[in-house]
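2 protein chains.
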Amino acid sequence: MSYYPGLIESLVTKNDTKIVYFIMDGLGGLPVDDRRATELEVAVTPNLDELARRSSCGLLVPVAAGVTPGSGPGHFGLFGYDPVENNVGRGVLEAAGIGFPLTDRDVAVRGNFATVDREGKIIDRRAGRLSTEENQRVCKKLRENVKVPGVEVFVETVKEHRLLVVLRGDDLSGDLADTDPQTTGAAPLPVRALKPEAEATARLFQQFVDQAARVLADEPRANMVTLRGFAKHKPYPSIEKRFQLRSLCLANYPMYRGVAFLVGMEIHPVLPDVPSQIRVMKEKWADYDFFFQHAATTDKTGEDGNFEGKVAAIEELDAFVPEILQAKPDVLVITGDHSTPSALSSHSWHPVPVLLHSRYSRIGGATAFNETECARGALGMLPARDLMPLALAHARRLMKFGA
Amino acid sequence: MSYYPGLIESLVTKNDTKIVYFIMDGLGGLPVDDRRATELEVAVTPNLDELARRSSCGLLVPVAAGVTPGSGPGHFGLFGYDPVENNVGRGVLEAAGIGFPLTDRDVAVRGNFATVDREGKIIDRRAGRLSTEENQRVCKKLRENVKVPGVEVFVETVKEHRLLVVLRGDDLSGDLADTDPQTTGAAPLPVRALKPEAEATARLFQQFVDQAARVLADEPRANMVTLRGFAKHKPYPSIEKRFQLRSLCLANYPMYRGVAFLVGMEIHPVLPDVPSQIRVMKEKWADYDFFFQHAATTDKTGEDGNFEGKVAAIEELDAFVPEILQAKPDVLVITGDHSTPSALSSHSWHPVPVLLHSRYSRIGGATAFNETECARGALGMLPARDLMPLALAHARRLMKFGA
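Residue numbers (my numbering), protein chains in the order written: chain A, 74 to 476; chain B, 74 to 476.
This is chain A alone, in the form it adopts within the complex (with noise of 0.2 Å):
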């Protein structure tokens, strides 16, 4: 459909209604061979499939036709962001999942510790998992020790035997080729810039592994540091600037949350479970207006090509539907952020099932929540992007365009 950028936010305007986003990750499927029906069709939901009649049905196409999404542009789409235009770096990703406030100086980067032997080849590419209180240990002697010339250097511990790079100078480039070989029994990877004007930057990155690499030599197990996704930061506007949305992200995943960060939602500390998330989201009711709970049980299920763990995900989470509407949210939006069928064990390009409930919503053909009835629905199939655009439009939260 048309896209107009600029648009939408010269219409916004505000008012006192609640949006929710109920986002179940990965939430669409593929029948696998031996049945005719999806994950969604197979699986009992009847608080989603009697939602559905009562709302605006449609299909997610996350980023474009055959375009399989990562999280970032998955959750970029449904915040009503262009995913390409603000297509996010692994290593900003990262930074935001722990909420390191990153400024437009900076070039961040996954590290994982790894043990490499004394040729310096690589025998343990996750320094055997070593727990989050020793990288946290070994993330301080870096900082401690290590010292670049003309830029800051920030070590970050992730998790395990993850941690964040991060260099903070003038004119710093993230065009950096991944250090890590991805295999055993070879050397680390030099720093090598994929562009011209990023040389200067694999060097600063280069004196950082050297250094890492003395300051870790007398460790057993994470002697030396690969990295990976090298991305400059490039501020976003945020949520609220653009959309007039105070906007509370209660989802537990620090991918989930990195998004949710980037784009200037507050984040809520990591909650036990779905029930506690909407709790949460009723307690704080008043404060916000844009609500985005986030389920991952569905995309792991996925993941996992596990076809009945994933329809039984998704009947716990249908469960939770009459919880979320008792809070009366003007506009209630469940989809995900993308598929993840259990017959491909990944993430894909198909369209993800979306239900729009709100007082104003047009009911189309829908008889259930799921791929071949959302097909039926008023919605008709609609880029992720302008789900945002349609939900601000029903809370009526959108001024009139032209005379």
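Any given hint might turn out to be false.
Pairs involving identical chains hold if they fit within one copy or between any two copies, as the list cannot separate such chains.
[Stated by the list, open to error] DSBU-like mimics (lysine-lysine), calculated; alpha carbons at most 35 Å apart, straight line: (1) K87 - K268; (2) K232 - K307; (3) K194 - K87; (4) K220 - K194; (5) K373 - K401; (6) K91 - K373; (7) K91 - K213; (8) K307 - K87; (9) K220 - K307.
Hint data in this document are derived by calculation from the structure and do not stem from the laboratory.
Place chain B on chain A using the hints.
Frame of chain A, contents of chain B only:
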């Protein structure tokens, strides 16, 4: 849908086919609380339903997902003009509505005659809704007595308390704020530039207002002028130039006549009703390629929140369909420029049912003409801007693209 500016124009060819648009303003609707059907679904429309079963049906998105269009963008889209690129200011639309021949050196603005007290505060924003005759007398007085150095001044009666003011000169800007304070008890606001380059134009319009106040000082009611909707005119390429269509507008309301005038249609004098419009179309059948039939009752009843009234308006228009078909148009399009659900008492963002009838129409699954059935139609959901290319194609007026 993909959009390639200039492509359609490069493919246009002439023949003697006839295209008719029958536009029911604000056609799309919503269910209201106590019923599950929209106005169009409740209305008994045997002619539209029968025609839908022999036509390609679909849903038009007037501008973009979630965007509620004014009548200007709504109609620009239907005529094959991008509704955002060609967004037209209120002043220009008002001028076009009375057939004022604007040039590219003009800034136009809508005016109200108002009554102010001795301190200059507005006591009646519409000067007691003075008669059109009185308006004409006062406009003449302004024309004869107000002179602004460096520009030509045009003052035209619109209707009752409404007038049009146009300044014509070099380097004028329309980026000016309204002077109408939209309330009584306050003085009109000074003319204020919204951008630095509009400062000079602001001073010229202020001179107009100051002189008008002096000239009208002895008027009992119309002793002041307020201005809103300043707009610089940018001439549009005509529908004849772009699509080789000699076009006749059969619409009675200034707004729709205005858009048709801006795209270079011939504007027929106002007629008493739709049957007269259809009769004139048949009389002029040989002289034009494209006929724009417009009915406003569907929008007016929707704006009034009158569900039953809108149902009745639709049923009344349904009865005219056989008369239009008698003319044997090669392509008949029936749709609206936007939705005006009586549940909202206003324009809305919801897609609009559309029917395209021709001997080359592919028949889809729509069994009646309404929002739900059109979603099953052969056209799918499409931007309004794509409608004219489809009408031209079905009229065999587009050549093959490429070898």
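- Item | Hint check against the structure, violated hint numbers in rising order | Hint check: 7 fails alone, others pass.
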